[in-house]
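Colleague: Full structure from sequences and hints, please.
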Amino acid sequence: MNGKCDSVNMAPNSIHWFRKGLRLHDNPALQEAVRGADTVRCVYFLDPWFAGSSNLGVNRWRFLLQCLDDLDSNLRKLNSRLFVIRGQPANVFPRLFKEWKISRLTFEYDSEPFGKERDAAIKKLAMEAGVEVIVKISHTLYNLDKIIELNGGQPPLTYKRFQTLISRMDPPEMPVETLSNTIMGSCVTPVSEDHGDKYGVPSLEELGFDIEGLPSAVWPGGETEALTRIERHLERKAWVANFERPRMNANSLLASPTGLSPYLRFGCLSCHLFYFKLTDLYRKVKKTSTPPLSLYGQLLWREFFYTAATNNPRFDKMEGNPICVRIPWDKNPEALAKWAEAKTGFPWIDAIMTQLRQEGWIHHLARHAVACFLTRGDLWISWEEGHEGVFEELLLDADWSVNAGSWMWLSCSSFFQQFFHCYCPVGFGRRTDPNGDFIRRYLPILRGFPAKYIYDPWNAPDSVQAAAKCIIGVHYPKPMVNHAEASRLNIERMKQIYQQLSRYRGLGLLASVPSTHNGNGNGMAYSPGEQQSGTNTPGEFHFFFSLYLKLQTNKAYQLFYFLKCFKKG
Amino acid sequence: KKRLLRKRFSHYYSEDGAVDWRQLPEEILLQIFQYLPLLDRAFASQVCRGWNQTFHMPELWRCFEFELNQHASSYLKATHPDLIKQIIKRHSNHLQYVSFKVDSSTESAEAACDILSQLVNCSLKTLGLISTARPSFMELPKSHFISALTVVFVNSKSLSSLKIDDTPVDDPSLKVLVANNSDTLKLLKMSSCPHVSPAGILCVADQCHGLRELALNYHLLSDELLLALSSERHVHLEHLRIDVVSENPGQQFHSIKKSSWDAMVRHSPKFNLVMYFFLYEDEFGPFFRDEVPVTHLYFGSSVSKEVLGRVGLTCPRLVELVVCANGLRPLDEELIRIAERCRQLSAIGLGECEVSCSAFVEFVKMCGGRLTQLSIMEEVLVPDNKYGPDDIHWEVSKHLGRVWFPDMMPTW
Numbered sequence: 001m002n003g004k005c006d007s008v009n010m011a012p013n014s015i016h017w018f019r020k021g022l023r024l025h026d027n028p029a030l031q032e033a034v035r036g037a038d039t040v041r042c043v044y045f046l047d048p049w050f051a052g053s054s055n056l057g058v059n060r061w062r063f064l065l066q067c068l069d070d071l072d073s074n075l076r077k078l079n080s081r082l083f084v085i086r087g088q089p090a091n092v093f094p095r096l097f098k099e100w101k102i103s104r105l106t107f108e109y110d111s112e113p114f115g116k117e118r119d120a121a122i123k124k125l126a127m128e129a130g131v132e133v134i135v136k137i138s139h140t141l142y143n144l145d146k147i148i149e150l151n152g153g154q155p156p157l158t159y160k161r162f163q164t165l166i167s168r169m170d171p172p173e174m175p176v177e178t179l180s181n182t183i184m185g186s187c188v189t190p191v192s193e194d195h196g197d198k199y200g201v202p203s204l205e206e207l208g209f210d211i212e213g214l215p216s217a218v219w220p221g222g223e224t225e226a227l228t229r230i231e232r233h234l235e236r237k238a239w240v241a242n243f244e245r246p247r248m249n250a251n252s253l254l255a256s257p258t259g260l261s262p263y264l265r266f267g268c269l270s271c272h273l274f275y276f277k278l279t280d281l282y283r284k285v286k287k288t289s290t291p292p293l294s295l296y297g298q299l300l301w302r303e304f305f306y307t308a309a310t311n312n313p314r315f316d317k318m319e320g321n322p323i324c325v326r327i328p329w330d331k332n333p334e335a336l337a338k339w340a341e342a343k344t345g346f347p348w349i350d351a352i353m354t355q356l357r358q359e360g361w362i363h364h365l366a367r368h369a370v371a372c373f374l375t376r377g378d379l380w381i382s383w384e385e386g387h388e389g390v391f392e393e394l395l396l397d398a399d400w401s402v403n404a405g406s407w408m409w410l411s412c413s414s415f416f417q418q419f420f421h422c423y424c425p426v427g428f429g430r431r432t433d434p435n436g437d438f439i440r441r442y443l444p445i446l447r448g449f450p451a452k453y454i455y456d457p458w459n460a461p462d463s464v465q466a467a468a469k470c471i472i473g474v475h476y477p478k479p480m481v482n483h484a485e486a487s488r489l490n491i492e493r494m495k496q497i498y499q500q501l502s503r504y505r506g507l508g509l510l511a512s513v514p515s516t517h518n519g520n521g522n523g524m525a526y527s528p529g530e531q532q533s534g535t536n537t538p539g540e541f542h543f544f545f546s547l548y549l550k551l552q553t554n555k556a557y558q559l560f561y562f563l564k565c566f567k568k569g
Numbered sequence: 001k002k003r004l005l006r007k008r009f010s011h012y013y014s015e016d017g018a019v020d021w022r023q024l025p026e027e028i029l030l031q032i033f034q035y036l037p038l039l040d041r042a043f044a045s046q047v048c049r050g051w052n053q054t055f056h057m058p059e060l061w062r063c064f065e066f067e068l069n070q071h072a073s074s075y076l077k078a079t080h081p082d083l084i085k086q087i088i089k090r091h092s093n094h095l096q097y098v099s100f101k102v103d104s105s106t107e108s109a110e111a112a113c114d115i116l117s118q119l120v121n122c123s124l125k126t127l128g129l130i131s132t133a134r135p136s137f138m139e140l141p142k143s144h145f146i147s148a149l150t151v152v153f154v155n156s157k158s159l160s161s162l163k164i165d166d167t168p169v170d171d172p173s174l175k176v177l178v179a180n181n182s183d184t185l186k187l188l189k190m191s192s193c194p195h196v197s198p199a200g201i202l203c204v205a206d207q208c209h210g211l212r213e214l215a216l217n218y219h220l221l222s223d224e225l226l227l228a229l230s231s232e233r234h235v236h237l238e239h240l241r242i243d244v245v246s247e248n249p250g251q252q253f254h255s256i257k258k259s260s261w262d263a264m265v266r267h268s269p270k271f272n273l274v275m276y277f278f279l280y281e282d283e284f285g286p287f288f289r290d291e292v293p294v295t296h297l298y299f300g301s302s303v304s305k306e307v308l309g310r311v312g313l314t315c316p317r318l319v320e321l322v323v324c325a326n327g328l329r330p331l332d333e334e335l336i337r338i339a340e341r342c343r344q345l346s347a348i349g350l351g352e353c354e355v356s357c358s359a360f361v362e363f364v365k366m367c368g369g370r371l372t373q374l375s376i377m378e379e380v381l382v383p384d385n386k387y388g389p390d391d392i393h394w395e396v397s398k399h400l401g402r403v404w405f406p407d408m409m410p411t412w
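If you read the sequences in order, they're chains A and B.
Under the UniProt record's numbering, the residue at position 551 of the first sequence is numbered 551, and the numbers go up by one with no gaps.
Under the UniProt record's numbering, the residue at position 355 of the second sequence is numbered 355, and the numbers go up by one with no gaps.
Hints were generated in silico from the structure; no laboratory data involved.
Don't take each hint at face value.
With a straight-line Cα cutoff of 27 Å, these simulated DSSO-like cross-link-like pairs (lysine-lysine) come out [stated by the list, open to error]:
id, chain 1, residue 1, chain 2, residue 2
1, A, Lys237, A, Lys160
2, A, Lys495, B, Lys89
3, A, Lys160, B, Lys398
4, B, Lys270, A, Lys495
5, A, Lys284, B, Lys386
6, A, Lys331, A, Lys495
7, A, Lys116, A, Lys98
8, A, Lys317, B, Lys77
9, A, Lys20, A, Lys277
10, B, Lys386, A, Lys237
11, B, Lys85, B, Lys142
12, A, Lys317, A, Lys495
13, B, Lys365, B, Lys386
14, B, Lys270, B, Lys186
15, A, Lys160, A, Lys146
16, B, Lys186, A, Lys495
17, B, Lys85, B, Lys186
18, A, Lys331, B, Lys186
19, A, Lys136, A, Lys277
20, A, Lys287, B, Lys386
21, A, Lys286, B, Lys386
22, A, Lys160, B, Lys77
23, B, Lys305, A, Lys452
24, B, Lys386, A, Lys160
25, A, Lys287, A, Lys116
26, A, Lys343, A, Lys237
27, B, Lys142, A, Lys331
28, A, Lys98, A, Lys123
29, B, Lys142, B, Lys157
30, A, Lys77, A, Lys101
Modeller: Shown next as structure tokens:
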């Protein structure tokens, strides 16, 4: 697709469109914008402008604005600026194409279904305006479509299968150079006097957030911060016993200055850069050349969920999602609110949810604990509720694919998970942080409780509660469920659901989950998304959903076909 | 050959040689209809009078699952109220295998009871009351529920399967069940029915000699019950499922005599004993002191190393062991002992536990190919000087005779 060029001057005017990929290092699409161009303008669209009206997700918005500020300041060093634009891309681009005489548009490939749809529409607009569109993959390590192709057209649904596939592919591409004056060459950015007013990065207040009393960010946004962190992260890794899996302890629960997940999500840190720095370091320290796949765990899980989601617009839903088991979750807004607002009466759960709301990040095992509690562990509420209204708003690193995929995993709604291991809202916390410091930090009201009772303060004798100046039921809620009874009920339900899916008639708990011994997710033993609501149930010693009927329906068609054959005879 | 077939089925063909679907014999149509889901069948019934007649044949109304959901409490659709009315009006005396799936709202449970009370002409063989979310049957006034249920007990007289977990069923209603269905009752599932006493369930065991499957909570289990189930007049028991659930911390549980279990095993040598434990760690006192014939054992909450050690010593019939969590001390010795003493073990699941890689390999070696289910969370296996996290699965696969990997959790 060639751009419509001015007959005198062949060099294009480019727009680089930032969505994720908020960085100047390893940004191949940005490089394409600059290559041989006359002018380049980096844009970011902010919509809705009044995100702050509900004050929800203030951490996420702050992080984003800090990323944009950082981009702007780094671009200034190259005599350029960031253009923050109000409105929807589809509405604004045509005007910009005209106003700035654009002939080239570049952006980083977005693999998510919504992103692909949006980008297809923009490509069409661009084509109509004679604008060349260049898209580069840099948010994921691999070309996800290739992985899917290698797996026969379906995304791998087990992590093992995923690992097998990528080990057969070429390694990820090296990160490209950071944008510099040299690379910019003669390309310039026309910046007007009133750039700050027209295109400046807004503040939280301008977006409508009430920032009075807002504590400072535990996770400061931006590429600069990301690059500092990765160096720290690698130092620590090399220092910590030769890359062994770090042991979980009380400290792990706290936000770490080496944590990278929010930066990967927004693209302040390139996953390719991270991959290569890890590989480099491993080779230096271990003096061997082939690192195990487990070294890249964090990156590969992210990649796995992106791959699973890219062709599935209903990936974040239960209904109509071919890979999601239909589980009869309860609709219970009061219970959901208690969970979301850290009022469950289980200090372990409440402390985690408090940290999440205050800081925007919780350790992945903490995520498992609260996700399990909401869904298959205790409350039996749909994972969609946890994903959509809560994690998506509060979690800094919650991108659509990874968040939805992880929720499905944790709630045993997909990916062939065994459901027998339930995270106890008392015991799990106690084993992780026996002293209870994490609880005391985020739930100061419980500070007075000794370690013995801090995870189940309702069991503390009255004297202990009085001494702690916290009466359970008055100053802190009573536990909202009886965990033993809730788990009994829920395990039984999960078992019944899975036994129907796998058509397993035996007594074993483990065999209820259909297995894929070769882990290929193809030729699945079941099609979880195709359960129909049962209308007729044959009576036997066990009770079945109409997956049984679905089997029978195929027989009916066979019979019809058989009868039709008479006509041909 | 084609001509012969054509001759035989000649009356299906109209003059122009097309198949005349109206001439399909009712038996074949019935067969076809049986394979169709209800909605498709209902559409088919609108095609012509003949097909409509077939739609209403008793054979098609033997089984029904009433789904009772409210929009406010469930994501699932409910059986249409008009359809329910139709069924009660035209087909209630055809129904034999019925289940009710209710969501967490009281209205749904009430609707179920409403339907139950109208099944007066029914001779049910199977009845299931299933709560898909919170147990809403427990929210109903007890008497309301009981009277609806007894309608079925009294009218059916040939109940074979009864599933009434999480309901307010009580001793007197069980007496009514027994009085009317003692000859036919084969399966009874009643976990978490708090209004039933050990005497109530004993009455069932005493009278219903055909009982093959029973599921209940531990507080209903007694030596007398086991002896009743092992009496000469009683058939062989196939499954006994027991849930041991803690109501309050520090709860005291009674113990069952070894002689009672022995009597069970003598009477029903092949029976399966499924036990699910949901206890605090310090409530396991009375358990696993003597030999117990448990075949499927699940610890749904944290269980101590010491108790797992006792399991190895007292459960020779163990087929499946699933441990949700233990604590962070390695279970090496306990697992080895289980491999030695539980020779029937073919399935094991470990959640939040720890085992050293070497001990785990040893365990798998000892069990060998009889382990068909091996579900171990990745974090369970602690690397030692012999095996690291990246090569343990090869060793294990070797001894199992198939490719094996531990279960993984995403690094979220």
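Colleague: Taking 27 Å as the top limit, are the C-alpha atoms of Lys284 of chain A and Lys386 of chain B close enough?
Modeller: holds, 24 Å
Colleague: Assess, step by step, whether the Cα of Lys305 of chain B is no farther than 27 Å from the Cα of Lys452 of chain A, and give holds or violated.
Modeller: The hint holds at about 20 Å.
Colleague: Just to be careful, I want the Cα atoms of Lys287 of chain A and Lys116 of chain A compared with a cutoff of 27 Å; is the pair within it?
Modeller: violated, 42 Å
Colleague: Take the C-alpha atoms of Lys160 of chain A and Lys77 of chain B, compute the straight-line distance between them, and say whether it is at most 27 Å.
Modeller: violated, 36 Å
Colleague: Tell me if the straight-line CA distance from Lys270 of chain B to Lys495 of chain A falls inside 27 Å.
Modeller: holds, 23 Å
Colleague: Please work out if Lys495 of chain A and Lys89 of chain B have their alpha carbons no farther apart than 27 Å.
Modeller: At roughly 35 Å apart (the allowed maximum being 27 Å), Lys89 of chain B and Lys495 of chain A break the hint.
Colleague: Taken at face value, is the distance from the CA of Lys101 of chain A to the CA of Lys77 of chain A at most 27 Å?
Modeller: Satisfied, since the Cα-Cα distance of roughly 25 Å is no more than 27 Å.
Colleague: For the pair we were handed, Lys386 of chain B and Lys237 of chain A, check the Cα-Cα distance against 27 Å.
Modeller: holds, 23 Å
Colleague: Take the C-alpha atoms of Lys160 of chain A and Lys398 of chain B, compute the straight-line distance between them, and say whether it is at most 27 Å.
Modeller: holds, 18 Å
Colleague: Check the hint pairing Lys142 of chain B with Lys331 of chain A against an upper bound of 27 Å on the C-alpha distance.
Modeller: holds, 25 Å
Colleague: Against the 27 Å threshold, does the CA-CA distance of Lys386 of chain B and Lys160 of chain A hold or violate the hint?
Modeller: Since the Cα atoms of Lys386 of chain B and Lys160 of chain A sit roughly 24 Å apart, the hinted pair holds (cutoff 27 Å).
Colleague: Quickly compare the C-alpha distance for Lys270 of chain B and Lys186 of chain B to 27 Å and report which way the hint goes.
Modeller: holds, 17 Å
The structure is inconsistent with the numbered hints 2, 17, 18, 22, 25, 26, although it conforms to all the rest.
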